[in-house]
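Asks: Could you put the whole structure together from the sequences, leaning on the hints where they help?
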Amino acid sequence: MSQTNDRENRDVARQRSHIYGLLATFYRQEVTSDFLRQIKAPQFLGVFSDLGLEMGQDLFQKSEESVLEEMSVEYARLLLGPGRHISPHESVHLPEEEGGTGQLWGKPAVKVKKFIEASGLEYKSEYSGLPDHISVELEFMQHLTLREAQAWEEDGRKGSEFYLNIEKTFMEEHLTRWIPIFCEKVMEETEMPFYKGMAALTKKFIEFEQEEMVDKSG
Amino acid sequence: MRDITRRDIFKLGAVGAAVIATGKAFSSQALAGDIVEGGKDFSPKTGVERTMIPSSCWSCVTRDPMIGFVEDGRLVKLEGQPNSIRSRGKICAKGAAGINQLYDPDRILYPMKRVGKRGEGKWKRITWDEALTELTARLKKVRDDGHPEKFMFHYGRMKASSSKIVKAFLSAYGTGTVGNHTSICEGGKWTAQELTWGAHYDNWDFDNTKYVLNFGSGVLEAHTNHIPTSQRLVEAMVDRGVKMVTFDVRISNTAARSTEWVPIKPGTDGAVVLAMCREVMEAGLYDKAFFPFIKATDNPNASTDEKVAALKAHLAKYTPQWAEKISGVPAAKIKATALEFAQNKPACVISYRGAVAHYNGNDTERAVQMLGAITGNIDNPGGRCHGVGAKWKSPKGPKGPKAKKLKILDGFKGAAAYPTHHSNHQILKVIKDGKAGRPDIYMWYCYTPVYANGECQENIDILKDESLIPYTVAVNAYYDESTALADLILPNPSYLEWWDWEDMVSPTQVPEYYIRQPFVKPLGESRDFKDVVCDLSSRLGFPLGFNSAEEFVKKSCEMTPGIKAAGGFDFMKKQGVWHDPNAKPKFDMYKKKVKADALKKAGVIFDDATSTYWNWKKSGAKSEAEAKQKGYTKTKNAYKGYVGLKVGNDVFAGFKPDKVNKSGFFEFYSELLKIKNFPALPTYVPIPEHEKMGPNELVLTTYKVPVHIHARSANCKWLTEIYHDNPGMINTETAGRLGISDGDRIKVKSEVGEITTTANVTEAVVPGVIAISHHLGHWEYGRYASGKKAPMAGDDDPDLKLKWWDTYGVHPNWIIPNKLDPINGQQRWMDTVVTVKKA
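Protein sequences, first through last, are from chains A and B. With the first letter of the first sequence counted as 1, position 79 gets the number 79 in the numbering used here; the numbers rise by one all the way through. With the first letter of the second sequence counted as 1, position 377 gets the number 377 in the numbering used here; the numbers rise by one all the way through.
Hints may contain errors.
Cβ-to-Cβ under 7 angstroms is the rule here; a few derived chain B residues that face chain A [as the list claims (entries may be wrong)]:
no., residue
1, 39
2, 40
3, 460
The following residues of chain B were derived to be distant from chain A, with all beta-carbon distances above 12 angstroms [what the hints assert, rightly or not]:
no., residue
4, 1
5, 42
6, 83
7, 115
8, 328
9, 390
10, 571
11, 608
12, 718
13, 800
14, 835
Residues of chain B clear of chain A, computed beta-carbon distances all greater than 12 angstroms [unchecked claim]:
no., residue
15, 29
16, 76
17, 118
18, 120
19, 130
20, 137
21, 138
22, 143
23, 178
24, 398
25, 400
26, 588
27, 591
28, 747
29, 792
Think of the hints as simulated: they come from the structure by calculation, not from any bench. By construction, the Cβ of each residue, glycine as well, lies at the ideal position given by its N, Cα and C atoms.
Replies: Here it is, written out as C-alpha cells:
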C-alpha cells in the first residue's frame with residue numbers, strides 16, 4: 001500500500017469519525033442553540049440540499065426560541081415519551097430472530113456494553129442512559145474511526161487493521177441490524193423536515209458504511 | 001434522498017467537524033478511556049466478565065509464562081503467553097491442568113498439628129499464630145544453643161525469587177543444612193558439565209540446527225525446558241526437515257517422533273558416544289578451529305596436533321565393533337550416525353536422564369560434551385549452548401552469622417568425588433546412621449522425601465522415628481505421603497496464588513524476564529511460604545527488610561534496569577513478560593577477549609598449570625604466596641576468582657568455571673578427576689551390577705509421561721483421568737522367556753523390595769529391560785491420586801462424582817535403591833537389577 005493511499009484512508013477515516021460525531025450529537029439530546037446555529041449555516045444547508053434533503057421553511061421564518069422549543073417537543077415526542085414513542089435503543093428494535101425482545105435493557109444491551117468495554121473504553125460514571133442508546137453506538141464508532149485515522153498515519157495498513165476489524169464486527173453485529181429499522185420508523189412518524197432528513201441521512205450513512213466495509217474486507 | 005458516495009463523505013465530514021468543534025455546548029459524551037488491546041474481557045461461553053492476568057506456570061521447572069482467566073473470582077482457564085519469546089503462547093497439558101492444583105478438594109487449607117503418633121493421621125486445626133509461635137520457639141532454641149545447623153531445610157523446587165527470599169531467611173538464621181532434590185533429577189548431568197565447560201545448564205539451539213543426536217532425553221515430552229525447546233524442535237523437523245536420531249531403551253514419544261529410534265541397552269550410551277568420537281577423529285571430521293580451547297592432555301600448552309594425537313590414542317580402543325558388543329547398537333549404525341552428525345554442521349548433541357542417571361553417567365555426559373566439542377558444535381548457533389536466563393537485581397536480606405552445616409547433604413563421607421549438587425537422596429540414610437549428626441528440626445518445602453526418592457519403605461521408617469528426627473514440618477498444599485509424617489503442616493498455596501519473578505533459560509539465547517502473580521487470593525488460610533519466612537524472621541528478631549513476596553518482586557522490578565525503564569512493577573503486572581528487543585543472542589561467549597585492565601587488578605595471578613588467570617583474593621587462599629604455592633586447581637574456591645584463559649598470546653573469556661576449579665578450557669582432560677583417581681579423559685566404565693546379572697534378571701528403567709509431572713500431579717483430575725495406570729513394559733522376547741503374557745499380574749523384585757504390577761508385553765522396549773513410569777502408585781495425595789481422602793479434605797468438587805477410574809498404578813521407587821554415581825552423587829534411577837515373575 002502506498003503512502004498516498006494511507007493518507008487518503010486516513011482522511012476518509014477522519015471524515016467518517018466527524019460524521020459519526022455529528023449523528024451522535026443529534027440523537028444524544030435536544031438541539032441546543034449552538035447546534036441550531038451550525039444547522040442554519042450555509043455549509044450545512046448546502047450539504048443537506050445537495051443530498052436531496054429538505055430543511056423546511058420554519059427554521060428560518062420562526063424565531064430561534066420557538067424553533068428550539070418545537071424541536072425539543074418533537075425530540076421528546078419521538079424518542080422520549082411519555083406515551084407512544086420510538087425508543088432509541090437497540091434492545092427494542094432488534095428483530096426477534098436476532099435476539100431482540102422489544103424490551104429495554106434486554107440481552108442486546110448487555111452485548112453492546114460488553115463489546116464497548118472489551119475495546120478498552122468504559123461508560124462514564126455520569127452517563128445515566130442505557131448502554132445501547134443510538135448515540136452511544138454512534139459515539140463508539142466515532143472513537144474507533146478516529147483511532148483508525150491515527151493508525152493510518154502512524155502504522156499504515158498494519159496498524160489500522162486492528163480498528164477496522166472492530167468497526168466491521170460492531171457494524172455487523174449491531175448498527176446494521178437495527179439502525180435502518182429505527183430510522184424508517186422515525187421518518188414515518190415525524191413531520192418535521194429536519195428530523196426526517198437526519199433520520200434519512202443516518203440510514204443512508206449506515207448503508208454506505210456497510211458497503212464500504214464489504215469492499216474493504218473483500 | 002439520494003445515496004451517499006465517497007465524495008459526500010468529505011463534505012459531510014466537514015459539517016460534522018464544525019458541529020463537534022462547538023461540542024462544549026452539547027452534553028457530555030457517554031464514553032471515556034482509550035481503545036486498546038486488552039480491555040474488559042467476557043467469557044464467550046458464559047458471558048460473564050473475566051479478567052485476564054499474565055503470570056507463569058510452575059507445574060514443571062520449565063515455568064512457562066502464561067495467562068489465566070478469572071471469572072467471578074474463580075480461575076477458569078490457563079493459556080500460554082503470546083508475548084513470551086520462550087513459549088510463544090503455548091503451554092502443555094500439565095500447565096493447563098494447573099487449575100486442578102488450585103481447586104483440589106483434598107487441599108490443606110489450615111495449619112494442622114499432629115495429635116496421636118506421627119503418621120497416625122490424626123490432626124488438629126490450629127491458628128497461624130499458634131503454628132508460628134510453636135515453630136519460632138523451636139527454631140529459637142536451636143539457634144540460641146549455638147546449633148543453627150540442626151535446623152534442616154529441604155526443598156524440592158525453589159527457584160528464582162522464591163530461592164532468594166527463603167535463602168535470605170536461612171542465611172540470616174545461620175543454617176547451611178539446606179538440602180535440595182537435584183540428585184534425583186539431573187545433578188549428575190550438571191556436575192559433568194561443570195567439569196567440562198563450567199556452566200551447569202545447556203540450551204539446545206534447535207532454531208538454527210541442522211541435525212539432532214539424542215541420548216536419553218524425552219525432549220519432545222518431558223524436558224526441563226519443555227515447551228520452549230520442543231516446539232522449536234518440531235519446527236526444525238517439520239519445516240526444515242532436520243533429522244533427529246534418538247538412542248533410548250524405549251520408544252518414548254520422543255523416540256517415536258524422531259527420524260530414527262536406535263534401541264540401546266541401559267547404561268551403555270557412553271560406549272556408543274565414545275565410539276562415535278573415535279570415528280569422527282579417525283575420519284578427520286573434527287573442527288580444528290575449536291581445538292585451541294580444548295584441554296585434551298595434561299599439558300595446557302599442547303598444540304592442536306598433540307591434542308588430536310592424544311585423543312586418537314585414547315579413543316583407539318573404542319571401536320564401533322567394541323561398542324556394538326556392549327550396547328547392542330550395530331557397529332555400522334554407530335559409524336554412519338557419527339559421520340552424518342559430523343558432516344551436518346551446525347548439529348546438536350543432547351542428553352538427559354536416560355543417559356546420565358547411571359553409575360557411569362558422569363563420563364557419559366562428558367563423552368557427549370566431547371562429541372559436541374570435537375565437531376565444533378559448542379556455544380554456536382545451532383549447537384549446544386550455555387543456558388541464558390534473566391539476571392534480576394533484588395533486595396538482599398540481613399547478613400547472618402557464618403553458616404554452620406551438618407555434613408549430611410552429600411551422602412556418606414567420600415561416597416562421591418564432586419557432588420556439586422549434593423546427593424540428597426542419601427540424606428535419610430545418613431541421618432539414620434547418625435555419625436554426621438542429626439537435625440532437631442526437619443522442614444521440607446515443595447518436596448516429598450518419602451515418595452520422590454528410592455527405597456520408600458526406609459524413608460517412611462526413618463521419617464516416622466521420632467528418636468531420629470524429633471520434629472518434622474511440612475510446607476505443602478497437599479496431603480501427600482511425606483506430609484502425612486509431619487508434626488506440623490504449614491499450608492502453602494498453589495503456585496497460582498503466589499508472587500515470584502522468574503528467570504528460566506531462553507531457547508533463543510536472549511534472556512526473558514517474567515513474573516508470577518496470583519490469579520486469586522490464597523484459598524482458606526493458606527499462606528505463601530515466602531510471606532511466612534518474612535514473618536518468622538521478624539519473630540526471630542532478624543527482619544529481612546521486606547515483608548512479603550509481593551514487596552520483594554516489586555522492589556526487584558524497580559532495581560532491575562531494563563524492567564524499571566519499561567515501566568517497573570506496574571508494567572510487569574500488566575504484561576507479565578519483558579525482554580530487551582535490542583539484545584543480541586549470546587553465542588560464542590568463550591571467544592570474547594578479556595581486557596588488559598582486568599588482568600591488572602589486585603590479586604590477579606596466572607596459573608601455568610591451567611593457563612588460567614584468576615584472582616586469589618576471591619578464593620579461600622590467605623595470601624598470594626599460598627595461592628601460588630597451592631596453585632589454581634588445589635586452592636579452595638579458586639574458581640570464584642576466575643578471570644580468563646590464555647591461549648597463545650591472547651586471553652579469552654574461555655569456559656568460565658562454576659562450583660569446581662576447572663580451568664578456562666573446555667576440559668576433556670580433567671585434572672580434578674585425576675586427583676580423585678578417576679580417569680582424566682572420558683572413559684567407559686561398565687555398571688558393576690549389570691556385569692553380574694543372571695540370565696533371568698532384568699534392568700528396571702523409569703520414565704516420565706507427557707501428561708504428568710514427576711511426583712506432583714497425580715492429584716490433578718484432568719491428568720490422572722488420562723493417565724492412571726502404569727503397567728511394566730517388557731519386550732516380547734524377554735516376556736516369552738519368562739513365561740509372561742500381556743496383561744499378566746507380575747511381581748518385580750529388587751534387592752530392596754518388591755512391587756506388583758501388570759505386564760505390558762511390547763516391542764517398544766529393548767530385551768532385558770522392564771520399564772515402569774514414575775508419577776503413580778500414590779497411597780496418599782487425595783482422592784484423584786490414590787482414592788484416599790485427605791483427613792482435612794472438603795467435598796466441594798462436583799467432579800468427584802464423575803471420577804470413573806479406580807486404578808492408581810504402581811510406584812517403582814519402592815524397589816529402587818538410593819545409590820549414587822561415584823563422581824557426582826546422582827541417583828542411579830536406571831541401574832536397578834530386578835527379577836520379574838508371574839504373580
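Asks: Hint by hint, say whether it matches the structure.
Replies: Each hint tested on the structure:
1. 39: holds, 3 angstroms
2. 40: holds, 4 angstroms
3. 460: violated, 54 angstroms
4. 1: Incorrect as stated: the minimum Cβ-Cβ distance to chain A is 5 angstroms, not above 12 angstroms.
5. 42: Answer for residue 42 of chain B: violated, closest chain A Cβ roughly 5 angstroms.
6. 83: Nearest chain A Cβ is 16 angstroms from residue 83 of chain B, so the label holds.
7. 115: holds, 52 angstroms
8. 328: holds, 57 angstroms
9. 390: holds, 29 angstroms
10. 571: Its Cβ never comes within 12 angstroms of chain A, the nearest being 17 angstroms, so this holds.
11. 608: Given that every Cβ of chain A is farther than 12 angstroms from that of residue 608 of chain B, nearest at about 60 angstroms, it holds.
12. 718: holds, 28 angstroms
13. 800: holds, 34 angstroms
14. 835: holds, 64 angstroms
15. 29: Label violated. Min Cβ-Cβ 6 angstroms, cutoff 12 angstroms.
16. 76: About 17 angstroms separates residue 76 of chain B from the closest Cβ of chain A, which puts it past 12 angstroms; holds.
17. 118: holds, 55 angstroms
18. 120: holds, 54 angstroms
19. 130: holds, 46 angstroms
20. 137: Correct as stated: the minimum Cβ-Cβ distance to chain A is 53 angstroms, above 12 angstroms.
21. 138: Label holds. Min Cβ-Cβ 53 angstroms, cutoff 12 angstroms.
22. 143: holds, 54 angstroms
23. 178: The assertion about residue 178 of chain B holds, with a minimum of 47 angstroms to chain A.
24. 398: holds, 45 angstroms
25. 400: holds, 48 angstroms
26. 588: holds, 35 angstroms
27. 591: Its Cβ never comes within 12 angstroms of chain A, the nearest being 39 angstroms, so this holds.
28. 747: Check passes; 60 angstroms lies beyond 12 angstroms.
29. 792: holds, 40 angstroms
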